[in-house]
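Undergrad: Residue numbers (the working numbering), protein chains in the order written: chain A, 404 to 572; chain B, 81 to 393.
Hints in this document: simulated from the structure, not taken from any laboratory. For glycine and all other residues, C-beta sits at the position ideal for the given N, C-alpha and C. Just so you know, not all the hints are guaranteed correct.
As the list claims (entries may be wrong) - Computed from the model, here is a short list of chain B residues facing chain A with C-beta under 10 angstroms:
id : residue
1  : 101
2  : 102
3  : 106
4  : 108
5  : 131
6  : 151
7  : 260
8  : 341
9  : 347
Chain by chain, the residues:
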Amino acid sequence: MSKFGVELEVHIASLRRYARALLRNRTDAEDLVQEALTRAVARADTFKAGTNLRAWLFTILHNVHVNQVRSKAARPDEVDVDSVESKLVTPARQEERVELREMMRALDELPEEQRKVLLLVALEGLKYEEVAEMLGVPIGTVMSRLSRAREAVRAKLANEGSVTLRRVK
Amino acid sequence: MNAQRVTDDELHAYVDGQLNPDRRLIVERWLADDPEAALRAEDYRAQAALLHELFDPVLRESASDPVHELTEKLRGRVAGNDNVPAWYAKPWVRMAAAVMLVVAGAGGGWMGRGAVGTSPAVQQRQTLQTFAEEATQAHRFYTSDERFQVELNADNQDELNSWLSKRVGRDVFGPNLEKVGFRLIGGRSLPTDLGAGAQYMYVNDANKRVTLFVGAPQAGNPAKFGFTQNGDVATIYWVEGTLAYALAGRLAKEELLGIAEAVFNDVKAGPPRRDPPPQQQNPQQPPGDQQHPPEQQQNGVQPISDTQKPKDS
Chain A
404 MSKFGVELEV HIASLRRYAR ALLRNRTDAE DLVQEALTRA VARADTFKAG
454 TNLRAWLFTI LHNVHVNQVR SKAARPDEVD VDSVESKLVT PARQEERVEL
504 REMMRALDEL PEEQRKVLLL VALEGLKYEE VAEMLGVPIG TVMSRLSRAR
554 EAVRAKLANE GSVTLRRVK
Chain B
81 MNAQRVTDDE LHAYVDGQLN PDRRLIVERW LADDPEAALR AEDYRAQAAL
131 LHELFDPVLR ESASDPVHEL TEKLRGRVAG NDNVPAWYAK PWVRMAAAVM
181 LVVAGAGGGW MGRGAVGTSP AVQQRQTLQT FAEEATQAHR FYTSDERFQV
231 ELNADNQDEL NSWLSKRVGR DVFGPNLEKV GFRLIGGRSL PTDLGAGAQY
281 MYVNDANKRV TLFVGAPQAG NPAKFGFTQN GDVATIYWVE GTLAYALAGR
331 LAKEELLGIA EAVFNDVKAG PPRRDPPPQQ QNPQQPPGDQ QHPPEQQQNG
381 VQPISDTQKP KDS
């Protein structure tokens, strides 16, 4: 496998993780990645060698997601019944830890625009500029969403006392 | 360009590893004086760690078949395909990929580096700093999940040492750090740009872990200690003789320095009394597979399911 191949593999793993964290459902997440990659293949010639492959892929994924949300909103009666069942990503044993459960809940309670920014920055390690470009918003907006997301999660976790626990460890 | 007030944005950038270096010291000084802000930074980091704990398992799951197929297709279509087989063509590539990803969120930015203009030639120009980066990533990755922390435990240290020596192609051993309260729990071999490296993991009574990463650099810079801080993981690295060492832990610099000193002294004193097996130095060993086929080197615990895609290489 080439160096490029590895890089691609890394970014796709990253897309899959992000999609899962965003949608919290294995099937939906894989579908989203699949559709994004289909589009990426179709527009492969728009990618310029030596530019930011990761940002290119994430932007495609974001656009596909926005479209999916839009078309779902147009057909509100289509509710995914088994979405609940596969909600938990991690093995039950791990999920039992209070702080993980609380983090999950806090994430759920964030408005989607904040959740996206938090995941892209804190989980995927994207640069603020990349996030701004991907979402099509000014960098100041990225920063304020990030800040609000982190404070909201923080308040939530502090309530449960779990962050304190963690700190002691 | 100095002690202006630190902004909220800068605090985030500090946590995310996106702060420019000349502001970093200023932010750190401010954090030292402002416990409330320091707490915030710590909480933000804890959040990132929790997110990784929750979602990194996805990296160990194999992708759906269509996603595999599309990845292959894309590989052939997108510009920049260099087709260099090299050492990347190894099964551990996926593991290395996961290491990079795990670190990307909490440490920030390292992945971005790979995105622009890294020719294979550049990639191979291994510096001590990259070595330290790899050590930091490996630390973060293997301390994140206790199930995968070591490949071989330290019940039999001779066995551990000679196995890892074989991997690295030099005589290596896990130094005794009991003087500073750390006990060796085991080790694993890991890919680096230079071929295999050895990671030894230690734990103390407070359940804090440090890892010592040992590798064989192409050209040894003389013993000079370097220090990096990536997110909450601090790393001290140096070269001694023909080996490079990087000690990583979620500890304050001073504390880590004390442990590094113990490592340094114990390494100087030499391996524990045992006769190294009659296995000669083999510095220019091709990375990857020695006498073990790649499958075998994955024995036992493996962080990434290698069911993911067996068809490469």
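Undergrad: Run every hint past the structure and note whether it holds.
TA: Verification of the hints:
| no. | hint | in the structure |
| --- | --- | --- |
| 1 | 101 | violated (15 angstroms) |
| 2 | 102 | violated (18 angstroms) |
| 3 | 106 | violated (18 angstroms) |
| 4 | 108 | violated (19 angstroms) |
| 5 | 131 | holds (5 angstroms) |
| 6 | 151 | holds (5 angstroms) |
| 7 | 260 | violated (20 angstroms) |
| 8 | 341 | violated (26 angstroms) |
| 9 | 347 | violated (30 angstroms) |
When each numbered hint is compared with the structure, violations occur for hints 1, 2, 3, 4, 7, 8 and 9.
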